[in-house]
Amino acid sequence: GAGVSQSPRYKVAKRGQDVALRCDPISGHVSLFWYQQALGQGPEFLTYFQNEAQLDKSGLPSDRFFAERPEGSVSTLKIQRTQQEDSAVYLCASSVLDRGSSYEQYFGPGTRLTVT
Amino acid sequence: AQSVAQPEDQVNVAEGNPLTVKCTYSVSGNPYLFWYVQYPNRGLQFLLKYITGDNLVKGSYGFEAEFNKSQTSFHLKKPSALVSDSALYFCAVRGNSGYSTLTFGKGTMLLVSP
Chain A
1 GAGVSQSPRY
11 KVAKRGQDVA
21 LRCDPISGHV
31 SLFWYQQALG
41 QGPEFLTYFQ
51 NEAQLDKSGL
61 PSDRFFAERP
71 EGSVSTLKIQ
81 RTQQEDSAVY
91 LCASSVLDRG
101 SSYEQYFGPG
111 TRLTVT
Chain B
117 AQSVAQPEDQ
127 VNVAEGNPLT
137 VKCTYSVSGN
147 PYLFWYVQYP
157 NRGLQFLLKY
167 ITGDNLVKGS
177 YGFEAEFNKS
187 QTSFHLKKPS
197 ALVSDSALYF
207 CAVRGNSGYS
217 TLTFGKGTML
227 LVSP
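So the protein lines, in turn, are chains A and B.
What the first sequence shows, in this note's numbering, is residues 1 to 116, in sequence order.
What the second sequence shows, in this note's numbering, is residues 117 to 230, in sequence order.
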């Protein structure tokens, strides 16, 4: 079956522009996670959805970051007024059950955002 | 707060030799531990996990990992390395009670030479 897909794969934005990153999770997966991976670092948690409910957004670095999953499937991560420090790979992951479970997360290929 | 340490930025090993990629962790309570591998321009792929039970966990592609509670370690191992194992490896941890996010280490680059 299809894995997690993300689009676009690469995005170049001028500082101050808004961007929207899309994630299509594995069909039927309840949990959806967004991570930010800076160069040379491991992924860092941004936010978590259980179906359409955003249950944890503690990792979002500023109020310029916004995520939604309105129908409990596709999710969009939006970054307003992009800054150079936002340059990173944004990873989406999905999982079968809820956040407290032992189930592994399945990751998409990521969107590499470069802010110039 | 939970954390993961991968003390080696890079591990070099010759093909056919055994490999070890080190990971230590800190978490409240008992851990769920994971290893993921990342190939260039691709997302993380799940290798194996420790939840409970046997301390030696077997995973994909011949990899295994040994959970050591007293040393708070979860080292990744493989008896005989392949050139195709060359990639970036991440260890991750979450607590097993209540809610906690998955925390990743910085990653270790494994380079297997022919």
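Since the hints were derived computationally from the structure, they do not count as laboratory data.
For glycine and all other residues, C-beta sits at the position ideal for the given N, C-alpha and C.
Incorrect hints may have been included.
What the hints assert, rightly or not - Straight line, CA to CA, 27 Å or less: simulated BS3-like cross-link-like pairs of lysine-lysine:
| id | chain 1 | residue 1 | chain 2 | residue 2 |
| --- | --- | --- | --- | --- |
| 1 | B | Lys222 | B | Lys165 |
| 2 | A | Lys57 | B | Lys185 |
| 3 | B | Lys165 | A | Lys57 |
| 4 | B | Lys165 | B | Lys185 |
| 5 | A | Lys11 | B | Lys222 |
| 6 | A | Lys78 | B | Lys165 |
Claimed, not checked - Here are the computed distance ranges between Cβ atoms for each label pair:
| id | chain 1 | residue 1 | chain 2 | residue 2 | range |
| --- | --- | --- | --- | --- | --- |
| 7 | A | Arg81 | B | Lys193 | 26 to 34 Å |
| 8 | B | Ser119 | A | Gln84 | 26 to 34 Å |
| 9 | A | Val74 | B | Asn184 | 21 to 29 Å |
For each hint, the structure was consulted:
1. Using a Cα cut-off of 27 Å, the hinted pair B:Lys222 and B:Lys165 holds, with the two alpha carbons roughly 18 Å apart.
2. For the given pair, A:Lys57 sits about 31 Å from B:Lys185 by alpha-carbon distance, which is inconsistent with the 27 Å threshold.
3. Between B:Lys165 and A:Lys57 the alpha-carbon distance is near 25 Å, which keeps this suggested pair within the 27 Å criterion.
4. For the proposed pair B:Lys165 and B:Lys185, the alpha carbon gap of about 15 Å is at most 27 Å, so the pair holds.
5. Annotation: proposed proximity of A:Lys11 to B:Lys222 holds, straight-line Cα distance about 24 Å (limit 27 Å).
6. The suggested pairing of A:Lys78 with B:Lys165 is violated, with an alpha-carbon distance near 32 Å, which exceeds 27 Å.
7. The supplied range of 26 to 34 Å is broken by A:Arg81 and B:Lys193, whose beta-carbon atoms lie about 46 Å from each other.
8. In this structure the hint that B:Ser119 and A:Gln84 lie 26 to 34 Å apart at CB holds, the actual value being about 27 Å.
9. Our hint of 21 to 29 Å for A:Val74 and B:Asn184 is violated, since their Cβ atoms are close to 41 Å apart.
When each numbered hint is compared with the structure, violations occur for hints 2, 6, 7, 9.
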